[in-house]
Each structure stands twice: as C-alpha cells, then as structure tokens.
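Using the sequences and the hints, build the whole thing.
Quick mapping for you: the protein sequence lines, in order, are chains A and B. Counting from 358, one number per residue, gives the positions in the first sequence under the numbering used here. Counting from 358, one number per residue, gives the positions in the second sequence under the numbering used here.
Because the hints were derived from the structure by calculation, they are not lab data. Incorrect hints may appear among the rest.
Which copy? The list can't say, so a pair holds if one copy fits it or any two copies do.
[Stated by the list, open to error] Calculated pairs, PhoX-like style, for lysine-lysine (alpha carbon to alpha carbon, straight line, at most 25 Å):
| # | residue 1 | residue 2 |
| --- | --- | --- |
| 1 | Lys369 | Lys912 |
| 2 | Lys386 | Lys369 |
| 3 | Lys952 | Lys842 |
| 4 | Lys501 | Lys514 |
| 5 | Lys649 | Lys697 |
| 6 | Lys878 | Lys705 |
| 7 | Lys878 | Lys697 |
| 8 | Lys856 | Lys618 |
| 9 | Lys912 | Lys373 |
| 10 | Lys952 | Lys705 |
There are 2 protein chains.
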Amino acid sequence: MAEFVYDLRDLKFIVKEWLDMEEIFNLEKFRDNYGFEDIDLVLDEAYKIAREVIFPINKEGDRTGVKFENGRAILPPAYVETYRFLQENGWGSANESLASETAMPLTLYRAYNEMFMAASPALMSYVKLTTGAANLIYRFGTDKDRRLFLDKMLSGKWSGTMCLTEPNAGSDVGDATTRAYPTDDPRIYKIKGTKMFITGGEVNLGENIIHMVLARPEGGAPGSRGLGLYIVPKIWVNDDGSLGEPNDVTCIAIENKMGLKASATAMLSFGENDNCRGILVGDPPDSEGRSKGLAMMFHMMNESRIGTGHNALAQMAAAYYFAARYAVERIQGRPFTNPKAGRVPIIKHEDIRRMLMEMKAQVEAIRAMIFRGFYYLDIAEHSGDREKAALCRGYADILTPLIKTYASETAWPMIALAIQVHGGAGYTEEYPVSQYARDAKILSIWEGTSFIQAMDLVNRKMRMKDGSIFAAWLDERRKFIEQNKEARGFGAEMQKLEKAYRCVAEIRELYASYYENMAEKGELIPLYALRVLTCCAQLFAAESIMDQALLAARKIEEPGTGHHDYAYYAGKISTAKYFIHNILPHVYLLTDLIKEADRSALECPEEALVIG
Amino acid sequence: MAEFVYDLRDLKFIVKEWLDMEEIFNLEKFRDNYGFEDIDLVLDEAYKIAREVIFPINKEGDRTGVKFENGRAILPPAYVETYRFLQENGWGSANESLASETAMPLTLYRAYNEMFMAASPALMSYVKLTTGAANLIYRFGTDKDRRLFLDKMLSGKWSGTMCLTEPNAGSDVGDATTRAYPTDDPRIYKIKGTKMFITGGEVNLGENIIHMVLARPEGGAPGSRGLGLYIVPKIWVNDDGSLGEPNDVTCIAIENKMGLKASATAMLSFGENDNCRGILVGDPPDSEGRSKGLAMMFHMMNESRIGTGHNALAQMAAAYYFAARYAVERIQGRPFTNPKAGRVPIIKHEDIRRMLMEMKAQVEAIRAMIFRGFYYLDIAEHSGDREKAALCRGYADILTPLIKTYASETAWPMIALAIQVHGGAGYTEEYPVSQYARDAKILSIWEGTSFIQAMDLVNRKMRMKDGSIFAAWLDERRKFIEQNKEARGFGAEMQKLEKAYRCVAEIRELYASYYENMAEKGELIPLYALRVLTCCAQLFAAESIMDQALLAARKIEEPGTGHHDYAYYAGKISTAKYFIHNILPHVYLLTDLIKEADRSALECPEEALVIG
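So this is what it looks like as structure tokens:
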C-alpha cells in the first residue's frame, strides 16, 4: 500500500501567508490561546498522526466495515482505538466545538483536520457528528443539559448523531412523521418513530450515543415549522451524570454502502416499546403548534455543509497526491516528442501532466475557496465588530451551498482522474484511489443534495435582504478585478476573470427577472439552478486561486526568500493560470446555456423519459 | 431489488427503422440466415433472458466475487450455469464469431447483446473474450488449430483470453518480456513469462482455457514489432482433440477490484517449470526478428474497442432506466412552481428531469453513434463491394477511438447522475446503480486508455492515407448538414451542428499545422488529444441523434402510424434537441481551449506537481 502524503505546504501557505490570521488570532475568543507560533506545531504533528495513526486503518475499515450483530454495530478495534486516541489527546471535537474554551479558530482546526479527513473520511465522520451534536446542546440546551452531556461528548466518551431523515422524508424533512408525546415533566417527551441514514446511529465508539432528533410534538403544525428538537440518549443519563436504563432506541439495520464502509449508517427505531424519552431543546410548541427544531438544526448547517465540501476536497486532494506519486514512480512509454529516448516515468507524458494539473488546479482553488469560508465563519462567530460579523455571516451563507456542492460534485471526476493516472492498478483495491471514489460519492447527497444547495443559492441566498447581500458579495468580485487588473504577468487571466464576473452579473439579473414573471419563467429557476451555482463557484474559486497567485508572484520576487520555495510559488502561478484558462471558461459556456434556456428536458413526454 | 428494465423500443428503432438493415441482411454472409422477421423474435426473447436469467445473478456476482483457492478461481455456481446456458443455447459466442456460419450481423447481435451486458457486465466479459480468442484462431490459425479449438470455444465448453499486459508493460505493450523459445517442432514454442490483468485468465467456466499470448520469440526484434502470438491452452489439447497434461500455466493471483467482481482478473505465470507449450500463430520471425503478433491482435481491436464503448453505453443506459423508474415511484417534495400542491413523484421536479434527460440524451446519442460503427463493421467485413468495404473500414477505424473513449468517459458522470436521482438510496448496495459505477470504471482503462485512444485518433486515424480518410469522414458531416439544414423545426439545431462541424474542421487544420512544426508545437499534440477526441465524438453523436430525430419527425407525421408510438418519437425529438443545446456546445468551449493552447500544465515545476 502506498504511503499517505499531503500538501502541508499549501495548508501552511493558506494559514501563514495568505489569510489574515492576525485578525483571527486577535479575536477575543482565541487571543489567549492561539497564535502564529502554534501553526507549525499543530500542522506538523497532525501530519504525522494522519500518516502514522489514521491512514493505516483506512483500508482495514473499508475491508472489514461495520459488523452488525444482535442490534450492535461493531467497528474494527483499530478504529475504536484511533477514535479514542484523537478525542482523548485533544485532536478531536474539543478543538472544534463552541462549547470548548480552548476551541481553535476554524481556519486552524480545519487546516489540520483536512489531513485527518483525507487519511480516513469514515473515521472523521464520527468526530464531526459528535462535535455537531455537542454544539447544538451548547447553543440551545439548558445548563443542566450542558453539564450532563458536553464533557463526555467532547472527551470522546460518548458520541453524537443528528437524526433528520426518515424513510419517507429525505430532501423534504418537513414531512417527518416521528412524534414526540408530552409527559408530566414539561421538558421530557416520549419519542416514537423511525429515522434512517443516521451516521454513527449505532456504534461501539463510546459508552453512550447522544442522538439529536427532529420530531413533531403532538399537536404540532404540519411541515417543517412544526418540528421540535430532542436530546435522545441511547442510554438514559441520570441527573448525577451516571448512566441509567437503556432508552428504547433500537438499531434495525446498518446500510450496506458503496463506500465509507467503516462509517456505520443506521436505521433507528425510537420507542418501539413506548419507552423512549427525549429531552426537549428550546421552547415547547407555541399556540399555533410551531417549534424551532429545524431552525436550531440549521444553525449548525452552514458549518457542516462547508464541512462536507471540505471533506470532498480532502479526499480528492489525497487521491491527487497518490496519483502524482504514482506518476513519478511508474515507468511506462517513451516521450511523444522524443520517441528514441528511453522509457520514462509517466509524469513525463503530457496527458498525465494534464490530468495531474486538472486535479491540482481544482484542489487548490477549492481549498482556497473553502478556507475563505472558514475565515468568514470565524469572524462571523467571534468578532466584536457586529457589522463586520454580519457581513461575514452573509458571505458565509452565500459560500455554503457553493462549497458544499462544487467540491462534492468535482470530487467524482477528479478522483476518476486519479484512478486513470494509475491505469489498471487504480482499479484494484491494492491502491488507495478507488476507495476515495467510493467514499466520496455520498457527499453530493448528504447534508442536502446538490439540487437542494442550488435552490438554497438561487431561491434564498441570492435573494436574502432583497438581494443586497448577494449584490455586496458580487461587488467584492468586481473590486478584486478592479484592483488587480493591471497585475504584471496576469493580464490575460484578469480579463478572463472579468468576463466570468460579467457572466454571473448577467445571470443574477436574469434570475431576478424570472421571479417577476413566475408564470412563464418559474420552471427555469430550478431547471438551471445547479448551473448557476457552478458559475458562482467557479468565479469565486478562480478569484481565490488568482489571489494566491498574486501573492506567490510577490513572494518569488522578494529578495532573499528561500529559493527552496521557488517551485511552490511558481507552481501556484501555473495552477492559477491553468484554472483560469481551462476550467473557468465553463462559466461562459454555462452562461450561454442558462440564457438560451432550452426547455427540452421539460418538454419530453414522461412516457419517453421512463422505460418499462 | 428493483426490476431490470431496458429500452427495447430504442433498440428496435435502430435496427428496424433507422439503420439500413436491408443492406446488411442482403450481404452474402447473412442472406440465407437472417432477415427482418428475426429482429423482434431475437430482441424480445433476449430481453426476457436479460430480465429473468442474467440480471438476477448480477448482484450475487458482485457480493460473492471470485473465490481464489489453491490456484483455482471459482465463480458463484449461478454464474457458471448462466454462462453455459447462454453459450449452449445459441446466445453467446457462436452468434458473434466470424468462425461461425450462422453468425449474426454485428448490428443485430449487438442489439440484443447490449441488454445482456447491461444485465451483467461481468458475465458478458467472458463471452466476449472467448469470441475474441476464437476469432483470432479463425483468422490466423491453421486448419488444425481451427479444428482443435473453435467448436469447443464457440459452444462454451472452453473459454478464451487475450494476454497482452505484463507488470512492466501496460500501455506500452512493446516492452513485454514474456519469451517464446523454439522447440524441435517449428510450430511449438516454450513460453515463459508473467501476464497480468487477464480477464478470465483462471476461471471455472469450462473444461479448458485457451490463452492467446503475446511473447517475444528468442532473437525477436525489440519493441512491438518483435512480438509473436501463441495459442497457449491451460490444459494441452492432443491431436485427437482430447485433453492432455496441464500446460504449466499457473494463476498467481486474482485481483481485488473496485467492481466487476465476478470477472476474474488473473495474474498468470507461464512456464514456471519450463513446461509451457504454445502454438505459433502466423509466421515465425523474419530475418530481422520481426513478427506480426501485435498486428494480428490488433486486427481484433476495432471491434473489441467499440465493444468496450458499447459495454459502457449498456451500463449507463441500465443505470438511467433504473433512475427513471425510481423517479416515478419515489414521492418527495412539492413542485417549485406550485408549492401548495401535494407531494409528487420526484420526476415532477425540474432538476430530476434535467438529470434524466442528460442521461437519456447521452445514452441515445452514443447508442446511435455505436450502431453506426457496427453497421460500418458489418459492411467492411462482408460486403462484396470492395470500395465500399474499404470506405466503411476507414470510417470504423475513425469511430473506434471515439466510441471507446467517449462512451467509457461519459459513463462515470452519467452513472453518478443515476445515483444522485436515487438520493441516499443510490449510495447503498440495495439499489443497482452504485454497482454500475464500480463496474464501469475500468472501461476507460482497458483495451487502451483514453489517452491511447486519443493518440490513436490524432496521430494515426486523422493522418492515415495522408489524412484523406478523415477528410472524407469529415466531409460526410458537412454533407449531412448541407442536406438537412432546411429541415422544418430544426433550424436552430442544424445551425449549432454546423458550428460544431466548423470547430472540428478548424481543429483538424490546427493539428495538421502542429505536425509541420514539431519542434515548437509537438507537445501540444498529446496535451490536447483527448479534447480533440471529445469534439469529434460529440459532433458525430449529435449528428447521429439528429438524424434519428429527423426520422422521428417524419414518422410522427405519417398518417395512421400508431399513436401509441407518439411519445417515443416526440421523446426522440426532445432528446436530440437536448443533446444539441446542452451537450454539443462543449465542442465550442473545447475548441477555444485547444486553439488557445495554454501550456501551464507543462510549465508547472514537477516538484510543485508532486507532493512528498
């Protein structure tokens, strides 16, 4: 099995050179705990852990998967040990959770966490879910809830889940039928219903599992506004923190999935024996039966959707690094332009370089885009400057669907390139790349499908506050072009970027006009939504990598900067150029298609579209 | 598990209405055996077999895979039975092999075989390889070879393989190191070497396995021109046809692959005990050590590369049909343009329609393109009109890399759409679509990677006979546009097609100019080769589906043609429009990129491209 390698240099470039980490480290939340001097320590040590501790279990997790016996889901022992190692040694949820006083800035946490996700996506899904559940309790729970649950969760003794999906309520979560029945204790409800696709819904990672469950209280309004949120421990937690009785939560099945096989995806039955208790989070239903369960759940969504995009990025990056290493080691064929030369490592072949460069450009542009998202989230969450915080929240809101979808949709073709570079070897499970393809495919589906994200963009984010936030976001793109269009050596690239900017501006006006003529144009909104999202994402990704290239160009010219970094900076410049010349022009094509608004997909008779 | 459905109507449209099957059935080879009246019989019965016999074993093959014990590769019993059923009942190699007097036209054979490949790609790989090996013996073997091997192979008693790849010779087959040592008998050589990625290299389908092995005879020239071809039976075949001693062919390993798990991919050692005998095919090496082994092998390549593209098509088509059926059955969400309406089957959502239509358009355009390829091959092989046969051979030569690569590269994103339509369910192995993704990925690699195909196009096919064949092929595209540009209702589409034609014409000139200035432009040839191939393929696929739509438009207007076919024909018109408006414009984008000829992928320092 090939050795795990990761682009530590690019991560350090982002957090040490490119992003304004000074501003982040100066936020009150972090000021006393973190600074520039921590970056190398954290990232170097994390890289070592990713290589030596996490990656070695990744293939075993894939091969062995989750054993499901007598209602118990059993992970390979190495998985359990590694999970505990991370949580107990301060590499897990405690670094990310709002509940933790020593939580890191997302920008820093995510820089090292990216390597962990790349080393074992299945393992890290448990950490992420536990953090997410803990954050919900921290934000919306009572002091008692926090006292009972948070320490145990953040230290990894208990794991956490989020339970939204049901067999008949997936993308449309408002149709959930799980019910919550009041008891004599106003904060305690009896829960009854079935949830599915619950990551870590049953697993032997810790002594208990804390489920955050959406359910409809009796008399609750229909649709999503009637859903409440409940803490449902697998084993009841007594007031003194000790474990009580099992809480009537049964695992019915563990899904047999295409990938992510060590991530236990459970179908759970709550209250089969009418004996499942949940603790209400937030207020009981109001007089019209409305609850804020989904709104609370969504409070966490920005970060976890960006997290899904980040997961996709980590996987495609790892696949790219494996492919690049294979390409220098594998000897095959002779150079096309010099066939008399001997056999060469395949990286000498132009088409292999094209594939590697395509991966590198997507990976680095998407990574740049994502870390700008984390930067916005850090400011939004912790800045004392409320105006700036609000602006950053708005930008993060816009970036969320772009990152989630563009990264997860791009992972699939990029990992295919990594397989292709490996040739037949890439199709075997002796090499790591095929597993990434299988592991990553879920990411365009969970946490809201690509279409859900696209509609979130065009129907909500582009229109929030009368479209003013999106307008401000778009104006930032214009300003970047304005400020840099004379940048030496990048004239052609800035022109292409400006053309893409004008495309997105045009799309925005077109979509605004659709809303004014819903009868005739309404169906075009969802029909082209994903293509609109792709245009916005490629524009922002291109700008982000361009911004990095501008910095790299300055660094190269600084006298005395170690020449050992020349290749990195020169590579960054080539990468930005590649992205802008070879990937960004898809925006022009897509804009033409969006404007042309062909409706043949709607006109085709359904009987012709469906066979049999 | 969902039921297998397939678009029998589209297959019948192709062979009953669209292609000139009259011409095919009138070829001397087929005249006495096949006619229009056979089409329905064959296709209807084959569909039944695909649904009832083949598809039911497909998932079991994936779950169980190949067991490798004591050097033996064991398939699930149902697999072996089904293979024998097909071969013994006239549904297998005998219908396809040149050796068979009752072989069908490829156009007809492939129409039903497509459903079989869709129902179980792994199973059909054995049939295909057996046919391929038999055809080699038929074309180039002696009468004795034919007598000893063909009947047994075509009846399925013995299976066949083709052994090219070695651990250090994959894409560069000329570097093969397997050796052939002469013996006292001038037709018998001792074979020694290791071959890998051999489909069916060891398997319990029949009593014997006939390997067609490329090896370098002692004193043979270096490179591919020194390779000879040898028949190497797993068990020696005595002159009377009875089985003799085991022939010192050892299976070292069966690969653990991402998909196609019931297709045994073997690593074989020939002559470990210096006791492996091979029968020379064709002439011994000439005075300069040259043999025609690879040329003979390549004689079969056109058909088997188109076959690989066809396999990809079959799989993406099956995935599409499953997705479409799921989309009418799965209830989720409310219409965007009418949110007060109740929940609807997801096919009512515009984005689901977009995904289904994207799949339908690619599937039907690629199918049309592929069947034109089979038509050309039928004429090329069997026509008495030698000029026409030569022209069709030339067109088939051009289409071969287009079909192989465009279909296999397109399968991956299309099957991802089929998964996406299924949502989380598509990620589980309870539904069939994820298996198609895993099974199909190899197709862009085996029988020559996409890059090998792209170079075959730009470096060989575009230039053969001084480029005159490609020029004639391109002129056929121009003529189609000329003849149909006034077609009522398709004005916009014909314009777009013409623009794409002009793009390809421009690319052709550009590439010709590269060859005149190799020093400066040479490296652009491989760098953009795959994009050139995509442009040619999309142009031809668009023309093919457009041609079908023109026929459909005429059929719709025929008085009295059963209105029950209205949906099919109207769907065909929508599909052609979708392809031309939404897919074909990629040709414009790619042409811009090819002309711009950005070299950043070559300029990036290797140290920046490779991590670690």
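Outcome of the hint check:
1. For a Cα distance limit of 25 Å, the shortest separation of Lys369 from Lys912 inside one copy, 14 Å, qualifies, whereas the shortest one across copies, 64 Å, does not.
2. For the homomeric pair Lys386 and Lys369, the shortest alpha-carbon distance inside one copy (22 Å) is at most 25 Å, but the shortest distance between copies (69 Å) is not.
3. In this homomeric assembly, Lys952 and Lys842 come within 25 Å of each other (Cα to Cα) only across copies, at 24 Å, whereas the closest approach inside a single copy is 27 Å.
4. In the homo-oligomer, the alpha carbons of Lys501 and Lys514 lie at most 25 Å apart inside one protomer (18 Å), although the nearest pairing across protomers, at 74 Å, exceeds that limit.
5. Taking identical chains as interchangeable, the C-alpha atoms of Lys649 and Lys697 lie at most 25 Å apart only when they sit on different chains, with a minimum of 22 Å there against 71 Å within one chain.
6. In the homo-oligomer, the alpha carbons of Lys878 and Lys705 lie at most 25 Å apart only across protomers (16 Å), although the nearest pairing inside one protomer, at 51 Å, exceeds that limit.
7. When the C-alpha separation of Lys878 and Lys697 is checked against a cutoff of 25 Å, the pair qualifies only between copies, where the shortest distance is 18 Å, while the shortest distance within a copy is 61 Å.
8. Within a single copy, Lys856 and Lys618 get their C-alpha atoms no closer than 44 Å, and across copies no closer than 47 Å, so neither meets the 25 Å cut-off.
9. In this homomeric assembly, Lys912 and Lys373 come within 25 Å of each other (Cα to Cα) only inside a single copy, at 13 Å, whereas the closest approach across copies is 67 Å.
10. In this assembly of identical chains, Lys952 and Lys705 lie within 25 Å of each other by CA distance solely across copies; the values are 23 Å between and 41 Å within a copy.
Hint check: a violation occurs at hint 8 only; the rest are consistent with the structure.
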